[in-house]
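**Student:** These are the residues of each chain, in order.
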Amino acid sequence: MKFLADITVMPQKEILDPQGKAVKLGLHNLGMDAIDHVRIGKHITLEVDATDRTAAENQVRTACEKLLANLIMEEFSFSVVPIESEELTVKS
Amino acid sequence: MKYGVVVFPGSNCDDDACHAFGTLLGQEVVKLWHKDHDLQDCDLLILPGGFSYGDYLRSGAIARFSPIMNEVIAHAERGGYLLGICNGFQILVEAGLLPGVLLRNENQTFISRNVYLKPETTHSLLTSNLDPNRTYQVPIAHAEGRYFADADTLQRLNDNDQILFRYCDAQGRVTPEANPNGSLENIAGICNTTRNVFGLMPHPERAADPLLGSTDGREILESLLAVTV
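Line order of the protein sequences matches chains A and B. My numbering puts the first residue of the first sequence at 1, with every later residue one more than the last. My numbering puts the first residue of the second sequence at 93, with every later residue one more than the last.
Chain A extracted, bound-state conformation (with noise of 0.2 Å):
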């Protein structure tokens, strides 16, 4: 079965984010003050093969830790939905 992972990758709240700084300050040079702390991070998508949710889960879970986010600077969340198959989308 396949699973869509929707990921959010950011920087750890503790650690400076220089881009969202500057673009915070782009923000406020158009005007709008009342915007604070802005931080940027990664969203990724992935598509994984899983017998269930939870497979599916720690599947991302894995990822995540071992590649898509470096956890001394980042931390990570994660959703995963099944990707409905093509047979149930097709309208008779």
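What the hints contain is simulated information worked out from the structure, not anything from laboratory work. Hints are supplied without guarantee of correctness; some may be wrong.
[As the list claims (entries may be wrong)] Examples of chain A residues toward chain B, derived with CB under 8 Å:
#1 P18
#2 A22
#3 I72
[Unchecked claim] So the derived label-pair ranges between C-beta atoms look like this:
#4 A:R53 <-> B:Q229: 53 to 61 Å
#5 A:D6 <-> B:P159: 27 to 35 Å
#6 B:A243 <-> A:R53: 36 to 44 Å
#7 B:Y148 <-> A:G20: 15 to 23 Å
#8 A:Q19 <-> B:V122: 36 to 44 Å
#9 A:I40 <-> B:G114: 40 to 48 Å
#10 A:E84 <-> B:D130: 42 to 50 Å
#11 B:A243 <-> A:S79: 27 to 35 Å
#12 A:G20 <-> B:L303: 37 to 45 Å
[Stated by the list, open to error] Listing some non-contacts, in silico: residues in chain A with all C-beta distances to chain B over 10 Å:
#13 A34
#14 D36
#15 H43
Ideal Cβ placement from N, Cα and C applies to all residues, glycine included.
Since the structure of chain A is provided, determine the placement of chain B on it from the hints.
**Tutor:** Leaving out everything else, chain B in the frame of chain A:
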């Protein structure tokens, strides 16, 4: 003593490293392709600078899983010497062979210029021949060189004398102004606790040939020749 320079797709300082160790220092050097598993009996391995795998995901993150890295890690765990320069340093921290990480430079830009380094200790092969009372002018060329580690790790690095180089000014003063990229405590290079794995962001191999204007880097690399195996 035989030197091996590991070549990843996107490495671009492999020839500089071979030129410095081979042509300039007269050592036996071979290139090791990242897909190989044979270290060809090299005594000291060098992970050169560059943009391995296009710096995708994070600098060094994908190179860390290149086939040859199994042997490189085993070599280091046996006590073998391993030097990572720039992207090589980034690969070493991603592989967990050195503590901490290298973040995007504080000013968000790629910095390519000469900096001054102060050797922090002579208690490591890489700095054994250096004079802690003078500065060494060596170029940096990176976008992700801001050394970061949590407070405990930083304390351990200091306590164990693992900090090899700090960025300083021409007079050897370690000041915030002399810190090009926002590295914690001006850290430019470190070693592991067993003192056989070295990582630094500056490029000593690019300051080894008199034609290039400085031979300060050559003195750093020459320290490595002090060992006989």
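**Student:** Please go over all the hints and tell whether each is borne out by the structure.
**Tutor:** Each hint tested on the structure:
no., hint, verdict
1, P18, "holds, 5 Å"
2, A22, "holds, 6 Å"
3, I72, "holds, 5 Å"
4, A:R53 <-> B:Q229: 53 to 61 Å, "holds, 57 Å"
5, A:D6 <-> B:P159: 27 to 35 Å, "holds, 31 Å"
6, B:A243 <-> A:R53: 36 to 44 Å, "holds, 38 Å"
7, B:Y148 <-> A:G20: 15 to 23 Å, "holds, 21 Å"
8, A:Q19 <-> B:V122: 36 to 44 Å, "holds, 40 Å"
9, A:I40 <-> B:G114: 40 to 48 Å, "holds, 42 Å"
10, A:E84 <-> B:D130: 42 to 50 Å, "holds, 48 Å"
11, B:A243 <-> A:S79: 27 to 35 Å, "holds, 33 Å"
12, A:G20 <-> B:L303: 37 to 45 Å, "holds, 43 Å"
13, A34, "holds, 24 Å"
14, D36, "holds, 19 Å"
15, H43, "holds, 13 Å"
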